[in-house]
Amino acid sequence: MSEPLLKVRGLKIEGRSDETWNPIINGVDMDLNKGEVIGLIGESGAGKSTIGLASMGFTRDGVRISEGSVVFDGVDLVTASAADKRALLGKRIAYVAQSAAASFNPAHKLIDQHTEGPVQHSVSNKAESQEDGIELYRRLRLPNPEEIGFRYPHQVSGGQLQRAMTAMAMACRPDLIIFDEPTTALDVTTQIEVLASIRDIVEQFDTAAIYITHDLAVVAQMADKIKVLLKGDEVEEADTRTMLANPTQDYTKSLWAVRSFERPAKPSVVTGSTPIVSVKNVTAAYGTVDVLHDVSFDIHAGRTVAVVGESGSGKSTTARCITGLLPPRKGYIEFEGVQMPLDYRRRDKNQLRQAQMIYQMADTALNPRKTIGETIGRPVEFYLGLKGKEKRAKVDALLDEIELEPTEYFNRLPSELSGGQKQRIGIARALAAEPKFIICDEVTSALDQLVAEGILKLLAKLQDQLGLSYMFITHDLATVKSISDEVVVMKDGVVVEQGEKADMFTPPHHPYTDLLLSSVPEMDPDWLDNLLEQRGVDNIGDAAVDKM
Amino acid sequence: MTLLYLALFAAVLFGVAYVFRLVGRSATGNAPFFRDMPFGVAYGYMLAAFLLLFGIYYYLKPVDLEGVPQAGVMFFRWAVQGFIMFAAAAFVFRLIFRNVGTEGTKKLFRSMPLTAAFGVMIIIAYAFVSIFAGLIAPYGQEEILGAANIVPGGNPAMGGNPEYPLGTDQIGRDILSRLIYGAQNTVGIAFVTTCLAFFIGGSLGFLAATLGGWLDQLLSRAVDALMAIPALIFALLLITIATAWAGSASWQVTIYMIFIIAIIDSTRVFRLSRAVGLNIVVMDYIEAAKLRGEGLGYLVFREMLPNAYAPLLAEFGLRFCFVFLTIASLSFLGVGIQPPLADWGTMVRDLSQFINFAAFAPNVAVAPLLAAGAIALLTVGVNFVVDWMLHKSSGLKE
Numbered sequence: 000m001s002e003p004l005l006k007v008r009g010l011k012i013e014g015r016s017d018e019t020w021n022p023i024i025n026g027v028d029m030d031l032n033k034g035e036v037i038g039l040i041g042e043s044g045a046g047k048s049t050i051g052l053a054s055m056g057f058t059r060d061g062v063r064i065s066e067g068s069v070v071f072d073g074v075d076l077v078t079a080s081a082a083d084k085r086a087l088l089g090k091r092i093a094y095v096a097q098s099a100a101a102s103f104n105p106a107h108k109l110i111d112q113h114t115e116g117p118v119q120h121s122v123s124n125k126a127e128s129q130e131d132g133i134e135l136y137r138r139l140r141l142p143n144p145e146e147i148g149f150r151y152p153h154q155v156s157g158g159q160l161q162r163a164m165t166a167m168a169m170a171c172r173p174d175l176i177i178f179d180e181p182t183t184a185l186d187v188t189t190q191i192e193v194l195a196s197i198r199d200i201v202e203q204f205d206t207a208a209i210y211i212t213h214d215l216a217v218v219a220q221m222a223d224k225i226k227v228l229l230k231g232d233e234v235e236e237a238d239t240r241t242m243l244a245n246p247t248q249d250y251t252k253s254l255w256a257v258r259s260f261e262r263p264a265k266p267s268v269v270t271g272s273t274p275i276v277s278v279k280n281v282t283a284a285y286g287t288v289d290v291l292h293d294v295s296f297d298i299h300a301g302r303t304v305a306v307v308g309e310s311g312s313g314k315s316t317t318a319r320c321i322t323g324l325l326p327p328r329k330g331y332i333e334f335e336g337v338q339m340p341l342d343y344r345r346r347d348k349n350q351l352r353q354a355q356m357i358y359q360m361a362d363t364a365l366n367p368r369k370t371i372g373e374t375i376g377r378p379v380e381f382y383l384g385l386k387g388k389e390k391r392a393k394v395d396a397l398l399d400e401i402e403l404e405p406t407e408y409f410n411r412l413p414s415e416l417s418g419g420q421k422q423r424i425g426i427a428r429a430l431a432a433e434p435k436f437i438i439c440d441e442v443t444s445a446l447d448q449l450v451a452e453g454i455l456k457l458l459a460k461l462q463d464q465l466g467l468s469y470m471f472i473t474h475d476l477a478t479v480k481s482i483s484d485e486v487v488v489m490k491d492g493v494v495v496e497q498g499e500k501a502d503m504f505t506p507p508h509h510p511y512t513d514l515l516l517s518s519v520p521e522m523d524p525d526w527l528d529n530l531l532e533q534r535g536v537d538n539i540g541d542a543a544v545d546k547m
Numbered sequence: 042m043t044l045l046y047l048a049l050f051a052a053v054l055f056g057v058a059y060v061f062r063l064v065g066r067s068a069t070g071n072a073p074f075f076r077d078m079p080f081g082v083a084y085g086y087m088l089a090a091f092l093l094l095f096g097i098y099y100y101l102k103p104v105d106l107e108g109v110p111q112a113g114v115m116f117f118r119w120a121v122q123g124f125i126m127f128a129a130a131a132f133v134f135r136l137i138f139r140n141v142g143t144e145g146t147k148k149l150f151r152s153m154p155l156t157a158a159f160g161v162m163i164i165i166a167y168a169f170v171s172i173f174a175g176l177i178a179p180y181g182q183e184e185i186l187g188a189a190n191i192v193p194g195g196n197p198a199m200g201g202n203p204e205y206p207l208g209t210d211q212i213g214r215d216i217l218s219r220l221i222y223g224a225q226n227t228v229g230i231a232f233v234t235t236c237l238a239f240f241i242g243g244s245l246g247f248l249a250a251t252l253g254g255w256l257d258q259l260l261s262r263a264v265d266a267l268m269a270i271p272a273l274i275f276a277l278l279l280i281t282i283a284t285a286w287a288g289s290a291s292w293q294v295t296i297y298m299i300f301i302i303a304i305i306d307s308t309r310v311f312r313l314s315r316a317v318g319l320n321i322v323v324m325d326y327i328e329a330a331k332l333r334g335e336g337l338g339y340l341v342f343r344e345m346l347p348n349a350y351a352p353l354l355a356e357f358g359l360r361f362c363f364v365f366l367t368i369a370s371l372s373f374l375g376v377g378i379q380p381p382l383a384d385w386g387t388m389v390r391d392l393s394q395f396i397n398f399a400a401f402a403p404n405v406a407v408a409p410l411l412a413a414g415a416i417a418l419l420t421v422g423v424n425f426v427v428d429w430m431l432h433k434s435s436g437l438k439e
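Residue numbers (my numbering), protein chains in the order written: chain A, 0 to 547; chain B, 42 to 439.
The set of hints was computed from the structure by calculation and includes no laboratory data.
It should be emphasised that the depicted structure is a prediction, and the values quoted were computed from it without experimental measurement.
All C-beta atoms, glycine included, are put in the ideal place defined by N, C-alpha and C.
Under the rule of at most 20 angstroms between Cα atoms (straight-line distance), these lysine to aspartate or glutamate pairs were calculated in the EDC-like manner:
1. A:421 - B:325
2. A:348 - B:328
3. A:224 - A:528
4. A:84 - B:77
5. B:331 - A:342
6. A:393 - A:380
Stretches of chain B that chain A covers, calculated by requiring three or more beta carbons in the stretch to come under 8 angstroms of a beta carbon on chain A:
7. 66 to 78
8. 318 to 327
9. 337 to 348
The shape of chain A in the complex, shown without the other chains (with noise of 0.2 angstroms):
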């Protein structure tokens, strides 16, 4: 067999902090031939990105590459000058970042920022490397490409943007691209688009890449081989196919596992009982224009009701709405029969105690400057009136139950805290008030997978033991099936179906559930092909919703 493109070979890694070195990657090998794509796996912290840097020959600051080589097409990355990596990077070896609205210069075009690369390393000059462009953004098959490129990056969408941003990276025709995580931050629909692109045109130009992320649904669509990181150790690499089917380590198993939570169906609502929150026929908008029409469902007692929808279509705005942070234009929310106040500076102390809110992200969520205790506390001394001791057993109590150490955590600031254990902060304050009913806004997607799942079984656990009814916000059609009792299903600020969750998993479907049900990838390698072949290519994602 000949020499692989890129061998990497004991890379170690190490980061600075408070004065040491510290080691992040501990020795990991990776051999990727030309036109083969690797898939990095693992949680955040795993190294994911570190090492899909490394394979540049680049660290971020305040980290170094210890020992170990990385060697690409018989150069050593690691060792090489600067002016040889400045020949090589952009030129043979390529990246593409995770937010491509991030990495774009707002200030130009997409076109100039395309030609770029050609340019600087002499492929070719300005006018071919244009029309070059115009024929990947075709082949990528963003609208118009004739003129799409003329366009600055904040008029276009955030898949159109990611797709030219691999059609940058394609600029010099690179041995070797990385993907850094390209479609996480992308809705379901638009992400098969941008998953069908980057493997079509990876296939045409024979192009190896080294694709990280953290769903393994993508990774079984577009790797060939899938390697699984936990903490900067591989735990295994095998092709996609065995890996998928039989892992042989515990971690990758458990990896595979989560998705199968999934918790037992609630008897029926009894007809007739007042619901505790229903939202009557809320019409809401920002400034002049509308972006609610119309919405009404009912939450019931010791019930989750999902609301779904990818983003802009009137999710959390329908919980600013219950929570009165922004009063609807027309129509009205109940609690428990009562109508309440549409602006929150109404309500008195109780209304607002009725409905908690837990929100996105974790660290904008909780005040960086408070400790945990008085972050869980003032809640307790504001609505129970509770001082002291008492305050202090209340508190305690709470933090049992989010299951974190009471006299470990008390004194901790925020920033002390990983991502999960701050959402679950988030949970004890909302629970603080002994509310009936707290909003979810989309609590577990900026968590890992693993982390997720015990936040998801958390609330299932809480809700049994209190009776308290969710109203879970989220994009995830995975995160639906496991948690909620209904589903209700939004697109551009319009109820589009709601019911049970038994009815809505189950066909027939209006045509748009039934697009956001099958755009979500499952774990079957060939689950993209059938789909295509299905749908078509023309007909996937945007051009899909667009059609409806």
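Put chain B on the given structure of chain A with help from the hints.
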């Protein structure tokens, strides 16, 4: 001709830098440090080396050339000596506090760069001097002593007097004592003024950020209008008006001055605290607090303010310097702190004509520089501390 010399010098340095990099590469066996060194960096190294050599050469030139004092060399020597002295003092200061004090302060001083240690030292020294001015100063600030115009240095051969180590001014007041009292007046008044400016600007800024709407518009446009007028000229104008109201007592003018400068400077504080507040107010934890039904006071002082400490504290340091310089310039112009109270700005103005002696009698020319130096030292010190605090709060490492 000078241009030609400069061009020649640059060309020679170009060659030297090229040779330096080439020699470095071959001597170290192409180590990454020399291998990846851009030419600009090599040029920079050589330029720095040249400047260092020139500095040493200039430092070693004779002070006295056939009876004529070389003022340039003398001032350069004093500057270098002062620099080394202060650096050494800051180093010793930091060393002491790394080993003395509580665990917390020890840790603080261990992570402190030398510049910040210098700043802290200066601030402590100034605070000490201004609080205990009455005890430290050898004479009173208004006391007129025997001889006028005694040269600083305390050397009788040069026209000095050991009893007045920094000399006396034109009407025979001891400059050292006036410098010490000046610290009390200038620094004390500047501190009060800055606190007042922060109280006004900070609370209004946060209020505008939290409430928004017409209140924000009203306050912001008013601040825009105030900021459109050049600050020093506006202050001069207002003080002139205030003097007409103030009556005869000079302390009344000072009180008016404090309020005028505080209001003018509070516009800058308003801008900053509003901007900082706007960034905080969109956070989810503020929304959570609002939905909990918290009052405005709790929102501003318990949720927002703790998150704004870092930028506000840094601004406090900078603002203090500006206020302090404004007061000194107003005093220099004759409308600030009124005589006979000692004030550094006034002292610079009173002694300013001695600067003309610099060429042939460097010792005499030092007199006005003493007060100016006291101002500069505090400004530099405060800025060092502010830089350090900003760096710490931004979470940057190394």
